[in-house]
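Protein chains: 2
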Amino acid sequence: MAGVNLHLPLYKPNPTRSSSSHTPSAYTTRTTDLITIPQNLAYWESIHTDIDSHLKKSIQIREPISVFEPMHHFTFTPPKTTASALCVAACEVVGGNREDAVVAASAIHLMYASIYTHNLLLETVRVGSESGPGIENLHKFGSNIELLTSDGIVPFAFELLAGSGNDSGRTLQVVIEIAKAVGAQGMVAGEDDGVEAEKLGGEVARQLHGCGAACGAIMGGGTLEEIERLKRYGVYVGKIEGVLSDEGKDEGVKVELVERLRGLALKELECFDGKKIQQISSIVGV
Amino acid sequence: MAGVNLHLPLYKPNPTRSSSSHTPSAYTTRTTDLITIPQNLAYWESIHTDIDSHLKKSIQIREPISVFEPMHHFTFTPPKTTASALCVAACEVVGGNREDAVVAASAIHLMYASIYTHNLLLETVRVGSESGPGIENLHKFGSNIELLTSDGIVPFAFELLAGSGNDSGRTLQVVIEIAKAVGAQGMVAGEDDGVEAEKLGGEVARQLHGCGAACGAIMGGGTLEEIERLKRYGVYVGKIEGVLSDEGKDEGVKVELVERLRGLALKELECFDGKKIQQISSIVGV
Numbered sequence: 001m002a003g004v005n006l007h008l009p010l011y012k013p014n015p016t017r018s019s020s021s022h023t024p025s026a027y028t029t030r031t032t033d034l035i036t037i038p039q040n041l042a043y044w045e046s047i048h049t050d051i052d053s054h055l056k057k058s059i060q061i062r063e064p065i066s067v068f069e070p071m072h073h074f075t076f077t078p079p080k081t082t083a084s085a086l087c088v089a090a091c092e093v094v095g096g097n098r099e100d101a102v103v104a105a106s107a108i109h110l111m112y113a114s115i116y117t118h119n120l121l122l123e124t125v126r127v128g129s130e131s132g133p134g135i136e137n138l139h140k141f142g143s144n145i146e147l148l149t150s151d152g153i154v155p156f157a158f159e160l161l162a163g164s165g166n167d168s169g170r171t172l173q174v175v176i177e178i179a180k181a182v183g184a185q186g187m188v189a190g191e192d193d194g195v196e197a198e199k200l201g202g203e204v205a206r207q208l209h210g211c212g213a214a215c216g217a218i219m220g221g222g223t224l225e226e227i228e229r230l231k232r233y234g235v236y237v238g239k240i241e242g243v244l245s246d247e248g249k250d251e252g253v254k255v256e257l258v259e260r261l262r263g264l265a266l267k268e269l270e271c272f273d274g275k276k277i278q279q280i281s282s283i284v285g286v
Numbered sequence: 287m288a289g290v291n292l293h294l295p296l297y298k299p300n301p302t303r304s305s306s307s308h309t310p311s312a313y314t315t316r317t318t319d320l321i322t323i324p325q326n327l328a329y330w331e332s333i334h335t336d337i338d339s340h341l342k343k344s345i346q347i348r349e350p351i352s353v354f355e356p357m358h359h360f361t362f363t364p365p366k367t368t369a370s371a372l373c374v375a376a377c378e379v380v381g382g383n384r385e386d387a388v389v390a391a392s393a394i395h396l397m398y399a400s401i402y403t404h405n406l407l408l409e410t411v412r413v414g415s416e417s418g419p420g421i422e423n424l425h426k427f428g429s430n431i432e433l434l435t436s437d438g439i440v441p442f443a444f445e446l447l448a449g450s451g452n453d454s455g456r457t458l459q460v461v462i463e464i465a466k467a468v469g470a471q472g473m474v475a476g477e478d479d480g481v482e483a484e485k486l487g488g489e490v491a492r493q494l495h496g497c498g499a500a501c502g503a504i505m506g507g508g509t510l511e512e513i514e515r516l517k518r519y520g521v522y523v524g525k526i527e528g529v530l531s532d533e534g535k536d537e538g539v540k541v542e543l544v545e546r547l548r549g550l551a552l553k554e555l556e557c558f559d560g561k562k563i564q565q566i567s568s569i570v571g572v
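Note that the protein sequences, when read in sequence, are chains A and B. Heads up: the first sequence at position 209 corresponds to 209 in our numbering, and the numbers run straight through without jumps. Positions in the second sequence are counted from 1; adding 286 to them yields our numbering.
Some hints here could point you the wrong way.
Derived DSBU-like pairs: lysine-lysine, alpha-carbon spacing no greater than 30 Å straight-line [unchecked claim]: (1) LYS525(B) with LYS57(A); (2) LYS525(B) with LYS56(A); (3) LYS180(A) with LYS366(B); (4) LYS366(B) with LYS525(B); (5) LYS525(B) with LYS180(A); (6) LYS80(A) with LYS57(A); (7) LYS180(A) with LYS343(B); (8) LYS254(A) with LYS276(A); (9) LYS561(B) with LYS249(A).
Just so you know, the hints here were simulated from the structure itself, not pulled from any lab data. Remember, it's a predicted structure, so these values are computed and weren't measured experimentally.
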């Protein structure tokens, strides 16, 4: 396994405060200097390649360009999320075929893309009102299109799922899991953190990791217990990423927190065959 | 059949421009003086009662109140829409049982409620920026909650559908129909009218009438042709309502347009048993 820095999804896009130390694109993934988590990179990259290729087939730029160009843009602009990758990995852990989980994983990516775009818009509105005009220029599309597109992506994800041709019963279970993660329950989770929209987006994004793993286990034909355990594993992975991306926290505190969460995460995998968990556990550096 | 004025869903809430001629609540349904469409009121009311009772069971005000109170509010505040009623009526036309369509009809109502709330918010933003502060007081909840709730209602509707326990294959077909109506295709339809968000909401709401009728036909086990015909019938009903609610149009022109649309609508019902279409055709005054 190659030792590489963990690539973190960005929950808090900050397109305006670019200092000289930033790269020209403000949307590159962040890493933290002290905590390096080795991953089985090839495995995760192969998953992302499969999800990407499915999404590219599903979302082609076609007429009317004014609708499908921004949808394509906002689907492929956000950094990769481990939430969708976990979906495929969880499917394989319970003995399912990758193909069975790729559509669900694509739907998870779309939900994440919608949250990401929404946060981008909210950040614009917030910073815009503080700093006056000019902010719009940083965005390829206007805030109106950002809002319409991020809203339009959500039903599109359900359409993709429902039309997959996969097992109907499992697909409906996945619809419920995803709807709960991004809907009312996501709002509940957001409430616990206070109603700030940005935090809400972050919390929903973390929930999406648990949801992703659960959906993969469902599509792979996992038992109820397997689904629940993989869901909790996914939530811990999401929490670890949350800690790592928290720029306000002391590095020592972060190391301690990540160690504790990693232990809890791995406990959830104990009931599975040791060989099968090699791939999925590599995401927390085992 | 009782001759009553057609109740029109409001696509363009206008909470701020209340003149002395307005009732205190700006959200009452509008009627037009010249065009009176007789309806089989008891039939449509019985449908709305069934949908309402299902929604009330599904969306109860529970903890955390800050999430479920606005969701309840924004579900039951919008005027009734014939889009959801058409769903139940179409199911009955193709020989299905009402129970099979009530969940789909509830999901259609929720989508409509989300569009309605979104439009309310956009109108506030638009008028607010023109008229300065004070506008917020007209809303029970802040614009932040309006946005979060209208977004949260969409996945909740899919959750409701997927968990209904109805036929899986038909349910997945309904998920696709609804997702198309409110998602990318809705945006396409909006584009044709220009990108104004308000118009888009209106167009999506009209599409929802076709979608509602199609979903009812699907749940009732209709053939492909029956589904397509009822979908077009629904679109005509939506267009008639659009004409009737257009305050800028001359009454004479309206009468002519409605007559033409009514003829086209009824043509779509010709393939059905004459007795069975009595109820559904009463919505266009036959």
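Status of each hint after checking the structure:
1. LYS525(B) with LYS57(A): Distance ~34 Å between LYS525(B) and LYS57(A) Cα, so the pair is violated.
2. LYS525(B) with LYS56(A): violated (35 Å)
3. LYS180(A) with LYS366(B): holds (26 Å)
4. LYS366(B) with LYS525(B): The hint holds at about 16 Å.
5. LYS525(B) with LYS180(A): violated (34 Å)
6. LYS80(A) with LYS57(A): holds (17 Å)
7. LYS180(A) with LYS343(B): holds (18 Å)
8. LYS254(A) with LYS276(A): holds (29 Å)
9. LYS561(B) with LYS249(A): With Cα atoms ~71 Å apart, LYS561(B) and LYS249(A) exceed 30 Å; violated.
When the structure is compared with the earlier hints, violations turn up for hints 1, 2, 5 and 9 and for no others.
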